[in-house]
Each structure stands twice: as structure tokens, then as C-alpha cells.
Amino acid sequence: MNPAATAVLEIRNLSHRIGGRWILHNIDLTVAPGETVVLLGRSGCGKTTLLKCVNRLLTPTQGEILFQGRSTAEWDLFRMRRWIGYVIQDAGLFPHWTVAANAGLVPLLERWEAPAIEKRVNELLETVGLPPSEFAARYPRELSGGQKQRVGIARALAADPPLLLLDEPFAALDPITRFELQKQFQTLGSTMQKASLFVTHDIREALMLATRIVLLKGGAIDLVATPANFLAGATDEARAFLASLEEGWSGGG
Amino acid sequence: MNQRLGGEILSLTLEHIELVLVAIAVAALVAIPGALVLTRRAGLRRGMVGFANVVQTVPSLALFGFLLPLPFIGGIGKHTAIIALCLYAILPILRNTLVGILGVDAAVRESAVAMGMTPQQILRQVELPLALPSILAGVRIATVTTIGTATIAAAIGAGGLGVFIFEGIASVNSAMILAGAIPAALMAVLADEGLEWIERRWSAV
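As given, the protein sequences belong to chains A and B, one line each in that order.
Per the numbering used here, the first sequence starts with residue 15, numbered consecutively.
Per the numbering used here, the second sequence starts with residue -8, numbered consecutively.
Heads up, a few of these hints could be off.
Here are some of the chain A residues that sit facing chain B, going by a computed Cβ distance under 10 Å [to be verified]:
1. Met94
2. Ile98
3. Gly99
4. Asp104
5. Ala105
6. His110
7. Gly166
8. Leu187
Quick look at which bits of chain B chain A covers, simulated, 3 or more residues with Cβ under 8 Å [to be verified]:
9. 91 to 99
10. 103 to 112
11. 117 to 131
It should be emphasised that the hints constitute simulated quantities derived from the structure, not laboratory data.
Positions of the beta carbon are idealized from the N, C-alpha and C atoms, including for glycine.
This is chain A alone, in the form it adopts within the complex (with noise of 0.2 Å):
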């Protein structure tokens, strides 16, 4: 019925303005399932704001945006967000509820029994890295940065939602453990077949973990290009990344 309804996400010529300041102009970009969009830019470029308009914690000033083939403004706005996982920096865990109750949050509030919930949870938290047993119960408090991150991904899974936002999700993570999750998170793009839309300021972990490459530059779309294309700096933005990834390189010897 609709050309775009193998798209999860649709985005249609959105803009978006904040005060007086436009924060995005005219971007058009699909997210198909198994793949992840990660959106590369500066800090300020608006990769945050486009984030927030996909599951309506802004409201779009201009354009559309089409999740499952319908418009984002169409949806019962709660039964659209605990269909789109969330993934932010610092988890946002709820520190008065346990591992177990964070990872549930999405199928309790759709109401699944008891149950189901604990079977859902505990095959998660086991593909996230954390034993229920030794997890479930305790509190974030308990928890290390990278744990803590692998619970909130475990949250955003779920409910086995169509797609994934994650907004910086391993930048506050030592290098490491951000390592550590970024492969994992690979392996589950590609088992799960979601969709996913990454953004980071992270030049190698765009190169990683992209199907395609959308890189941001003032709020509108630079470039867009598989990471091996990307390599190949067709824009001055794309060459600036670039050059911050080789010296890099050479500035840590």
C-alpha cells in the first residue's frame, strides 16, 4: 500500500527549529531493517535534535517522519515509543529498580504477564553479557559504566521493537569496554535484523559499526556513503574526520 512501508524509518524533508535557530534543514533519510544509520558530525550539528524528532521527544517544526509506514504525528505517541528502543550516554537506569525490573520496563507497561516478562528478561540479559543470576536482582548502583550501558540495551531490546535509537550510547565507556560492546552490538545488528539509528561523534566507530554513513555538518546532510566509501573524503567535513582519525594514529606515538 505504501512504497516505503519496507522502510522502519522515513524521514521526509524534515527541518526543525529551536528559538529563532534552525537545527535541521531539509533531511531525507530511510533506515531499512538490519541496518544500522550511523549519524556522524560534530558536537552541535544536530544529530541529537534529528534523534529526538524520530520518537517524538521533540515535536518536527517541518517535514514527516513515517515509522512502519506511518506518520510519527498518527501514533498513539506511548505505544509508539515502547516500539522504538532508546539507548542514551548514561543508561538512564532507574536507580530504585532492580537490573531485572530496568531490562522489563518496555513489557511491563504493554501489560505482558508476569512470567513472560521474567523468561524475556532473562534471555536478554544473557545476550547482553549478564548472567541473571548473578544480575538480575542487584541495582545500578552495583553496576559498572559498561554494565550499566548493557542493561539499557537490554531494555531497549526488550519489547523486540523494529528499531533502535541510540544516541552516544558507548561514549562514556574506557576504550576497552566501549571496544567490548561495540562488537557486541555488531553481532546483535546482524542476528537481530533491526533497524537501528547510531549516533556518535566517533569517526571509528561510525567506520565500525555503519552500514551507511550519514554525516551532519550544521544541520544539514553532508554526505551520506558505506564506511568504505566513506574513506574516501569526498567532502570537507568527510576529509576533517578523516584527518582526526590519522593523526590519531600518529599523535599517540
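Please build the complex by placing chain B on the supplied structure of chain A, with the hints as guidance.
Below, chain B alone, put in the same frame as chain A:
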């Protein structure tokens, strides 16, 4: 004589407790829901907290005096005293409820919204439990202060342990003053300890 005094201390203590309990209960019923509304309205919040601050600065004896001549809420007796005590107790409870709820980590609130919780669910399952220790601390501060302030209520015929204190002052009788002051002080210490214990037990995190 001693037995008569003992009985009188007991009955005035009970009266004192009654004044405090009613005042705190009413203040909490006004301040906690009021604060919940104010967390959603920044403009109104500044105005109301400012107003509550001003009320707090009025000397308590003066406030009792101001209320006396007012129709309906004024006059000699318990209800005038309770209204005045309430006005004092509202501010600490209001302020602590606001601090507790507005102090919920932004990332926690953002996740709650993004996971598809309704505003009602966020309030009941996230904001209130996380703010509870702060709200209880407000109630504790208000209770301890009110126990002290309530002694002045005797000046407008509301009874309570202040009766001894005022009589003692009038008759230059230190023992009489102490008969009012010591039970009031003990009551304040007990309330402080007891409510702090509840605060620790109920703290969500």
C-alpha cells in the same frame, strides 16, 4: 499537687500533639500536591515559593495576632492556631518536594519518557519514589519546627504545652516554664529521630 500537675502535663502534651498532627497533616495535604503541580509550571513555581518564603518570615506571635480578627479563620481557639501552624509547615514540605522531584536525574526522566511511560506513570513509579526521602525530610523539618512554634499557640487560647510556659512567665515560676518546655523539647527530639528512621527505611535507593 504533684499528681494534679502530672495529669495536667499529660493532657496538655496530648493537646500539643493534636495541634501539631493536624497542622502537619493539613500542610502535607496542601504542600505535596501543590508542589507536584508546581513542578510542571516554572513561572507559577517562583511566585508560590516566594510567597511561602514571605509567610515564613512573619514572626509567629505576630501571625497569630494577624489571624485573630479575621472572620471565619480567625478568633480565639484551636482552629486559628492550626491555620497559623499550617502556614509555617507548608514551606519546608513544599520546597523539599520540589527539590526531590526536580532533582530526579535528567537521563532517568528522559529514559522514562522515551520508553513510553505516561506522565502519570512517570510521577508514580519514578518521580515520587525517588523524591520520597526528600519529601519525608521536609515533613520532619516541618514537624520539629511546628512542635516549637505550637507553644506560642497558647497565647490565643489554643492550649498545648505553651499554657505552662505562659503561666510560668506570668507568675515568674521557672518550674512551671520547664513543665511546658521539657516535654515540648523531648517531643521534638523524638519526632526528629522517629521520622529520620522512617526516612531511612523508606528511601527508595
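Hint-by-hint comparison with the structure:
| no. | hint | in the structure |
| --- | --- | --- |
| 1 | Met94 | 7 Å, holds |
| 2 | Ile98 | 8 Å, holds |
| 3 | Gly99 | 9 Å, holds |
| 4 | Asp104 | 4 Å, holds |
| 5 | Ala105 | 7 Å, holds |
| 6 | His110 | 4 Å, holds |
| 7 | Gly166 | 8 Å, holds |
| 8 | Leu187 | 15 Å, violated |
| 9 | 91 to 99 | holds (count 3) |
| 10 | 103 to 112 | holds (count 8) |
| 11 | 117 to 131 | holds (count 3) |
Checked against the numbered hints listed earlier, the structure breaks hint 8 alone; every other hint is satisfied.
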